[in-house]
Amino acid sequence: TALLIDVVVEVITAPTHRLKSLLQLPRPQDAEWGSDTMASDVLDVPGYTAYPSGHACVSAAAAVVLAELIGDPPKGLKPPNKGDELLTLAESIAANRERAGLHAQLDSTAGTALGQSMGGWLVQAATKDASVFPEWSALYEAAAAEWGAATT
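Counting from 1 along the sequence shown, just add 970 to a position and that's the residue number in this note's numbering.
Derived from the structure by calculation, the hints contain no laboratory data.
Think of the CB as a built atom: it goes at the ideal place given N, C-alpha and C, for glycine as much as any other residue.
It cannot be assumed that every hint is accurate.
Derived DEER-like restraints, expressed as beta-carbon distance ranges [said to hold, decoys possible]: (1) Lys1098 <-> Pro985: 17 to 27 Å; (2) Pro996 <-> Arg1069: 14 to 24 Å; (3) Ser1062 <-> Ser1101: 30 to 40 Å; (4) Gln1094 <-> Leu992: 24 to 34 Å; (5) Asp1099 <-> Asp976: 15 to 25 Å; (6) Gln994 <-> Gly1041: 32 to 42 Å.
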């Protein structure tokens, strides 16, 4: 499961940073409409632009992949939707980056949407397109086995 999460992070980070490079939307403290929160007072501010939020993107993608990977929760642990709690955690990560002044809500919203979409693609690549992505599919299956979940 840890290796699977590492792969999700690597796969999601590269296109997210490419989008940041292409779109060049500034961080709140770098814009005229900037935040009252000075992130640089608390955190090191990354030297690249904000949109879309990479933390929101990666955490949302991981939430989607893990929710699908784990499958149905064990008896006695029945949340309303298996991905709700994971997505709530992902959204908390994004909101905290806004509170720190590193992102605007637009960055987080876009990052979350992009991450959910990319996470869905990763699940499809591991399950429905397994013959196209055999190594990823095998890793996904191995992680699912750690959780006692069947992915087929």
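Each hint tested on the structure:
1. Checked against the given bound of 17 to 27 Å, the beta carbons of Lys1098 and Pro985, roughly 21 Å apart, stay inside it.
2. Between Pro996 and Arg1069 the Cβ separation comes to about 18 Å, which falls inside the hinted range of 14 to 24 Å.
3. Hint check: Ser1062 to Ser1101, Cβ distance near 37 Å, so the stated range 30 to 40 Å holds.
4. Between Gln1094 and Leu992 the C-beta distance comes to about 25 Å, which sits within the given range of 24 to 34 Å.
5. Range check, Asp1099 to Asp976: Cβ separation about 21 Å, and the 15 to 25 Å hint holds.
6. Between Gln994 and Gly1041, the C-beta spacing of about 41 Å keeps the proposed range 32 to 42 Å intact.
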